[in-house]
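Q: The residues making up each chain are set out below.
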Amino acid sequence: MYKRIIYDSALDWVPCLAFGVTFAVFLIFAVRAIRLRKDSAEKLSRIPLDD
Amino acid sequence: MTTTTAKTTIEFNDKVVRQFMLASIIWGIVGMLAGVFIASQLNFHQLNLTSWLSFGRLRPLHTNAVIFAFVGNMMFAGVYYSTQRLCKARMASDLLSSIHFWGWQLIIVSAAVTLPLGLTRGQEYAELIWPINIAVALIWVVFAVNFFWTLAKRNEPSLYVALWFYISTVITIAILYIVNHLSIPTSWTHSYTIFAGVQNGLVQWWYGHNAVAFFLTTPILGIMYYFLPKAVERPVYSYRLSIVHFWSLVFLYIWAGPHHLLNTALPKWLQMLGMFFSLMLWAPSWGGMLNGLLTLRGAWDKLRTDPVVKFFIAAVTFYGMATFEGPLLSIRAVNALSHYSDWTIGHVHSGAMGWNGFMAAGLFYWLTPRLYGTKLYSQNLANYHFWIGLVGILIYVGAMWVSGIMQGLMLNATTADGTALVYPNFIETLTSIRAMMGFRIIGGTLYLVGMIIMALNIWLTIRKGSPVNETREVAVIERTQRDTMGLKETFLNDPIACMFGGLLLVLAWLFLPPGADIAALLCAGVFGVLAVKRFQAGHRRWSQWYESLLHNWLPFTVLTFVAVALGGLVQIVPTVLVNRAQNVEDRIQQPYTPLELAGRDIYVTEGCYNCHSQMIRTMLPDVLRYGDYSRLGESIYDHPYQWGSKRTGPDLAREGGKYPHSWHYDHMKDPRALSIGSNMPAYPHLFTDKFDQKTLWKKIAVMTQLGVPYPAMTETEVKTKAVEQGIQIVKELEVQGRSGALPDTQIVALIAYLQKLGKFDVPDLEGKLQGTPAGIPFPLKPGIPDGYRTSSVTK
Chain A
2 MYKRIIYDSA LDWVPCLAFG VTFAVFLIFA VRAIRLRKDS AEKLSRIPLD
52 D
Chain E
288 MTTTTAKTTI EFNDKVVRQF MLASIIWGIV GMLAGVFIAS QLNFHQLNLT
338 SWLSFGRLRP LHTNAVIFAF VGNMMFAGVY YSTQRLCKAR MASDLLSSIH
388 FWGWQLIIVS AAVTLPLGLT RGQEYAELIW PINIAVALIW VVFAVNFFWT
438 LAKRNEPSLY VALWFYISTV ITIAILYIVN HLSIPTSWTH SYTIFAGVQN
488 GLVQWWYGHN AVAFFLTTPI LGIMYYFLPK AVERPVYSYR LSIVHFWSLV
538 FLYIWAGPHH LLNTALPKWL QMLGMFFSLM LWAPSWGGML NGLLTLRGAW
588 DKLRTDPVVK FFIAAVTFYG MATFEGPLLS IRAVNALSHY SDWTIGHVHS
638 GAMGWNGFMA AGLFYWLTPR LYGTKLYSQN LANYHFWIGL VGILIYVGAM
688 WVSGIMQGLM LNATTADGTA LVYPNFIETL TSIRAMMGFR IIGGTLYLVG
738 MIIMALNIWL TIRKGSPVNE TREVAVIERT QRDTMGLKET FLNDPIACMF
788 GGLLLVLAWL FLPPGADIAA LLCAGVFGVL AVKRFQAGHR RWSQWYESLL
838 HNWLPFTVLT FVAVALGGLV QIVPTVLVNR AQNVEDRIQQ PYTPLELAGR
888 DIYVTEGCYN CHSQMIRTML PDVLRYGDYS RLGESIYDHP YQWGSKRTGP
938 DLAREGGKYP HSWHYDHMKD PRALSIGSNM PAYPHLFTDK FDQKTLWKKI
988 AVMTQLGVPY PAMTETEVKT KAVEQGIQIV KELEVQGRSG ALPDTQIVAL
1038 IAYLQKLGKF DVPDLEGKLQ GTPAGIPFPL KPGIPDGYRT SSVTK
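From first to last, the protein sequence lines stand for chains A and E. Counting from 2, one number per residue, gives the positions in the first sequence under this note's numbering. Counting from 288, one number per residue, gives the positions in the second sequence under this note's numbering.
The set of hints was computed from the structure by calculation and includes no laboratory data. Built from N, CA and C at the ideal position, the CB exists for glycine as well. Some hints here could point you the wrong way.
[As the list claims (entries may be wrong)] Which chain E residues stay away from chain A? Per the calculated CB distances, all over 12 angstroms, these:
1) Ile386
2) Ile421
3) Gly561
[What the hints assert, rightly or not] SDA-like cross-link-like pairs, simulated, lysine to any residue; straight-line CA separation at most 20 angstroms:
4) A/Lys39 - E/Lys981
5) A/Lys44 - E/Ile714
6) E/Lys294 - E/Glu760
7) E/Lys981 - E/Gly1024
8) A/Lys39 - E/His838
9) E/Lys1046 - E/Leu836
10) E/Lys555 - A/Leu12
11) E/Lys933 - E/Lys440
12) E/Lys375 - A/Arg47
13) E/Lys555 - E/Thr476
14) A/Lys44 - E/Ser719
15) E/Lys440 - E/Ile692
16) E/Lys555 - A/Glu43
17) A/Lys39 - E/Ser445
18) E/Lys662 - E/Ser719
19) A/Lys44 - E/Lys555
20) A/Lys39 - E/Trp832
21) E/Lys956 - E/Glu760
22) E/Lys517 - A/Leu12
23) A/Lys44 - E/Ser1026
24) E/Lys933 - E/Glu760
25) E/Lys302 - E/Lys981
26) E/Lys555 - A/Cys17
27) A/Lys44 - E/Lys1046
[To be verified] To give an idea of the interface, some chain A residues facing chain E are shown, with a C-beta separation under 8 angstroms as derived from the structure:
28) Val15
29) Thr23
30) Leu28
31) Pro49
32) Leu50
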């Protein structure tokens, strides 16, 4: 295992795994953001202007 | 719906905002003055006036002053101002606010004193000595307590996105700073990092890159999300986009550190990881930039008339440029050209001067009239500042692009058959970029002039007005209306359980030995199916849990912590555990003798790593120029590692034995006597100052504790060995015609160190096999990693 961590170039799977994990995170939060109700989004975005 | 119980009038603590703002301006000018001075030293070596005013010692002062003093104080000013307004509450504790301010300034003053004295840990942006490190950690805790306490007593149920960015900053900087500064002291002013070689490189750039991410970017993005809508008097373009921006950025950034170590001895899978995550950073960074720029929709006319908007929009544009360039430089092929060159310097300055500096200027011009109850003294002066600063940045960055690309191309140029260098003499490439280095001084000076104009404008504004603490009537909300989720609700729920369980199993798949990893993968698959079923059965609960993040700081903070810890764990833990001598295949560094170790400390003290690398990359031009490429095992005992990040001078990884002692002796006395056209400072004090014998024994003891295979030695034996080697070097110098050197002087120790660079042993494979335990490599406890070897010290 140790040798694999030090010497394995892993060119074949690291990029795909990196992309997969990131895309999953992006997808989850994009869906959550899209599902945020319009009035909630509007209310939240106006907080700084609420003086 | 929020039910209100009563209304109350609160007075914000704007005093601390004023203090941080003024401190930022003062330290900003000091830091940039140091920058212009060291830029001048690169062209005019005579400006290295004395040991404590030499380039190697002042460059860390410049970087630390700009990052932690200028941007740090600016960030705190913005955070304190906006957090109080977004929470509709005064900062929780005036005492903590005050301790934070004065403690931070004390840290800055300590840094300004210790760095020129050569007291350093020898790692970029992490140079400060261990007592100051502890002070930084303590003051950061004070800030964190004050910040979270304020969140807990807020009168606004929702957490605006700016607060999300601040939370990620508070959490992540604490993790990064503590891990990267783990050291064992050898005296009150010196310590050795517990990490060595590639471990140290990886942890250092995990920290270094994310200092850029979470100290220079996320808090400033929070400031952008609060102050830009205020300045243009309209809400942020898309709140939904800001949510995606935040989570994508926080999740991605932490993985990108290894792009600072491309083409080095770092394991290739880590290089790939760093490169791909850096490339993917393009998306959230540009999402944030566009969100900022489009906030100006329908108000672009303000860009012509309002200097605050001018600074903010230019800053956001520079953010976009820098975050385009960063991923570009992270592509291995591009990095082969750009790394160690001025291109990187240009990149960081477009970020620091354009993004951070202009955001600071916009913030201060917006804040000052409000904090002092008057109008800005002069809009014209602010406009002058903008244009002078902008021209300064463009000259600076343009010059560094040309310089970096030109020198990179020259250093990498080989003949048509690829067997020889076109420009074998390093000095030739340095001479060719001298003009560009001159333009850098001009660009930097212009930017500094802009800063001085701002200081003058703000000073005159302050004189017109008087300090004002804003008061505001707010509706006090009941405790039940905010932060309804406690520890139990935060952790004991399906989304959190599935996330942690899945992560653990995936990590097990990646890092367990063959057999166990397949089992972990199968378990992860089964776990995934179960999680999907749980989601199908109760997706409303899952949705509610997410919605609750928007109103509860504790689960939000936990999730942020998970996002940032994940990247660090995957990259660092395995590498830290495996970087032991028994795992290294072909070469193992020879430990330094006591004198060589003393010489290495002098190398670190003088900041030689600011201009010289010790890493020959896996690239033909590097190998042709400097020798065989550096192996992972060749810096395995280097605490701290000295791979460097810039080559103003040549690489030194295989310097040992390249020249006679007399060459180094003469070179340190007058570099130009041997290298015509060199811009390296002379080091006359090395010829008179004695090397440190007093704590040398302690240093050897700490190194042994860290796993360097020294034999047991008494204090007297350590000193005797050092002096004996010093006498030997002096004798050899005399043979080479250099009389008068003393064996206990720093020059002798430094020569000993330089002559050791690149010396390695070939491991005894039979011994290695005996020394490597079979099966699962746990428990993972530190120890002397290569007891099978006979130390070179004892030979």
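Q: Regarding the pair E/Lys555 and A/Cys17, is the alpha-carbon distance no greater than 20 angstroms?
A: 15 angstroms, holds
Q: Tell me if the straight-line CA distance from E/Lys440 to E/Ile692 falls inside 20 angstroms.
A: Not satisfied, since the Cα-Cα distance of roughly 53 angstroms exceeds 20 angstroms.
Q: Can you confirm whether the C-alpha distance between A/Lys44 and E/Ser1026 stays at or below 20 angstroms?
A: Violated, because 80 angstroms separates the two Cα atoms, which is more than 20 angstroms.
Q: Tell me if the straight-line CA distance from A/Lys39 to E/Lys981 falls inside 20 angstroms.
A: 69 angstroms, violated
Q: Given the hint that E/Lys981 pairs with E/Gly1024, does the C-alpha gap stay at or below 20 angstroms?
A: 31 angstroms, violated
Q: Should the interface hint for A/Leu28 be scored as holding, given a Cβ-Cβ cut-off of 8 angstroms against chain E?
A: Given a least distance of 10 angstroms, the restraint on A/Leu28 is violated.
Q: Interface hint check: A/Pro49, Cβ to nearest Cβ on chain E, cutoff 8 angstroms. Holds or violated?
A: 5 angstroms, holds
Q: Going straight from one Cα to the other, do A/Lys44 and E/Lys1046 come out at no more than 20 angstroms?
A: Given that 20 angstroms is the threshold and the Cα spacing comes to 65 angstroms, the pair is violated.
Q: Quickly compare the C-alpha distance for E/Lys555 and E/Thr476 to 20 angstroms and report which way the hint goes.
A: At roughly 36 angstroms apart (the allowed maximum being 20 angstroms), E/Thr476 and E/Lys555 break the hint.
Q: Any Cβ of chain A at or closer than 12 angstroms to E/Ile421, or is the non-interface label fine?
A: Since the minimum Cβ distance to chain A is about 32 angstroms, E/Ile421 lies beyond 12 angstroms and the statement holds.
Q: Next pair to validate is E/Lys662 with E/Ser719; report whether the Cα-Cα distance is within 20 angstroms.
A: 49 angstroms, violated
Q: Given the proposed pairing of E/Lys933 with E/Glu760, does the C-alpha separation stay at or below 20 angstroms?
A: Outside the cut-off at roughly 54 angstroms; violated.
The structure shown violates the earlier hints numbered 3, 4, 5, 7, 9, 11, 13, 14, 15, 16, 18, 19, 21, 22, 23, 24, 25, 27, 30.
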